[in-house]
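Visitor: Read off the chains here:
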Amino acid sequence: MAVVSGGTTLIDNGTLDAAVPTGKMTLLATQTASASATISFTSGIDSTYDSYVFKFYDIHPATDDTDLTFQVDTGTNTSYNQTITSTAFQVFHKEDDSSTTFEYKGNRDLAQGTAFQPLCQDIGNGNDESMSGYLHLFSPSSSTFVKHFIGLGTNVYSGDASIQIYSAGYINTTTPLTRVQFKMDSGNIDSGVIKLYGVGG
Amino acid sequence: MPFISNGTTILDNGAFQASLGSLVHIKTLTASASATLSFVHGTDGVVLDSTYPIYKFEFIDIHPANNDDFMVNFTTDGTNFNVTKTTTYFHDYHEEGDVEAGVTYNTARDVAQGTGDAFLTHVVGNDNDQSCAGTLTLFNPSSTTFVKHFISTVHLSESSNYANTSYVAGYCNTTSAITGVRFLIQTGNIDSGKIKLYGIKDS
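Protein chains in written order, with numbering that gives the first Met the number 0: chain A, 0 to 200; chain B, 0 to 202.
Since the hints were made in silico from the structure, they are not lab data. Wrong hints could be hidden among the right ones.
Quick look at which bits of chain A chain B covers, simulated, 3 or more residues with Cβ under 8 Å [as the list claims (entries may be wrong)]:
| no. | region |
| --- | --- |
| 1 | 79 to 88 |
| 2 | 137 to 143 |
Below, a sample of chain B positions facing chain A; criterion: calculated Cβ distance under 8 Å [claimed, not checked]:
| no. | residue |
| --- | --- |
| 3 | V23 |
| 4 | H24 |
| 5 | K26 |
| 6 | L28 |
| 7 | I53 |
| 8 | H62 |
| 9 | A64 |
| 10 | G96 |
| 11 | Y104 |
| 12 | D128 |
| 13 | Q129 |
| 14 | G133 |
| 15 | H154 |
| 16 | D190 |
| 17 | K195 |
| 18 | Y197 |
For each residue, glycine too, the CB sits at the ideal point set by N, CA and C.
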């Protein structure tokens, strides 16, 4: 049965009419940390969408002064050690206005490295301290090009400051990526939510 | 006739009243040895007017025929892409061998009341596996009161084997409505890649 409203067909034969403008940012998965050593997204990352966005909501570390980081892998592999070249710069402002910085962060980039890529810097583990932000991963299923990513993390710095890390880079492989893992660079993710969206399609 | 479920109006007068998401796909252009990729309102299904207050372009694996820069320009008449712009441009970079890294403003790639094509990146490599990807957000292009702001972030695999991220923002210094946007490589074609145009509802 078709659903027609105001003379316009909106639904027919079980699907939305093609003329109906629908949103193209589709929530694929939500994972909630609870003293989690890692959070892995091992499905849903394929050629369905041209890009994928992870959003981070109030990532709270168990350990003070730690970073949320990520790595990727291919197929059903679980090593999470793909080769990455990346950039990172920081914007920083202390709560007491005693210090501000804008600088490249050579200790949060990778040069053909296989370590986890930091997405922020030194989150405090005070009860009200956390990190939020996003990671945009482009065309992970390409078998032709390297895979670009752009991230932004903003957090309460362990020394009571607002700090942002702008990170970006490429995963230097032409093998399709199928999975992404997040973890703190030390200790557990005490709490927080990570959502995965597909964009476009 | 409205379609009401459990007291909530789902459909009414030809439109959904329930939220269907705010990022609406408008048009995808796929490059194939293309000199330019242009989105012009009213052409080939492109909407770029007051329908949406914010438009977002997404660049997927833009691969140049030559090692060169990815660029943008705007039009108010659908034909001449030569709107006056003032922009800022900074980038950070990191060489694969860790030889060099930094973040810096780049005066060679900003625009001061220029009408030429504006840089969105440094030199994108044309090796088989090199490309660039990112976004450009255009705010309120149909305004006839204000200049038109845009913000772009693009990551590229630079020709000399750097990770390079370009942060560009600025305004089209016109109170005429922007009706089209054109993308190109500074010299040579866009060999392959996709550019997707979205409108952001409720923004």
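Visitor: Compare the structure with each hint and give your call.
Guide: Hint-by-hint comparison with the structure:
1. Check on the region 79 to 88 of chain A: 5 of its residues sit with their Cβ under 8 Å from a Cβ of chain B, so the three-residue criterion for coverage holds.
2. Evaluation of the coverage hint for the region 137 to 143 of chain A: fulfilled, as 4 residues show C-beta separations to chain B shorter than 8 Å, against a requirement of three.
3. The restraint placing V23 of chain B at the interface with chain A holds, with a minimum CB-CB distance near 5 Å, inside the 8 Å limit.
4. Contact between H24 of chain B and chain A, as hinted, is supported at the beta carbon level, the nearest pair being about 4 Å apart and thus within 8 Å.
5. The beta carbon of K26 of chain B comes no nearer than 11 Å to any beta carbon in chain A, farther than 8 Å, and the hint placing it at the interface is violated.
6. A cut of 8 Å between beta carbons decides the hint on L28 of chain B: the least distance to chain A is about 12 Å, and the hint is violated.
7. Given hint, I53 of chain B at the interface with chain A, is violated; its Cβ is 13 Å from that chain's nearest Cβ, farther than 8 Å.
8. Because the smallest distance between the Cβ of H62 of chain B and any Cβ of chain A comes to about 7 Å, under 8 Å, the interface hint for this residue holds.
9. The beta carbon of A64 of chain B comes no nearer than 15 Å to any beta carbon in chain A, farther than 8 Å, and the hint placing it at the interface is violated.
10. Against a cut-off of 8 Å between C-beta atoms, the interface hint on G96 of chain B holds, since the closest Cβ of chain A lies about 6 Å away.
11. Violation of the interface hint for Y104 of chain B is found here, the shortest Cβ-Cβ separation to chain A being roughly 11 Å, above the 8 Å cut-off.
12. Given hint, D128 of chain B at the interface with chain A, holds; its Cβ is 5 Å from that chain's nearest Cβ, closer than 8 Å.
13. With 8 Å as the threshold, the beta carbon of Q129 of chain B comes within range of chain A, its nearest partner Cβ sitting at about 7 Å, so the hint holds.
14. Here the hint on G133 of chain B is kept, as its CB sits about 6 Å from the closest CB of chain A, short of 8 Å.
15. Of the supplied interface hints, the one on H154 of chain B holds, with its beta-carbon coming within about 4 Å of a beta-carbon of chain A, less than 8 Å.
16. The beta carbon of D190 of chain B is not positioned within 8 Å of any beta carbon in chain A (closest approach about 11 Å), and the interface hint is therefore violated.
17. A cut of 8 Å between beta carbons decides the hint on K195 of chain B: the least distance to chain A is about 6 Å, and the hint holds.
18. Nearest Cβ of chain A to the Cβ of Y197 of chain B: about 6 Å, under the 8 Å cut. The hint holds.
The structure fails to meet hints 5, 6, 7, 9, 11, 16 from the earlier list, while all remaining hints are met.
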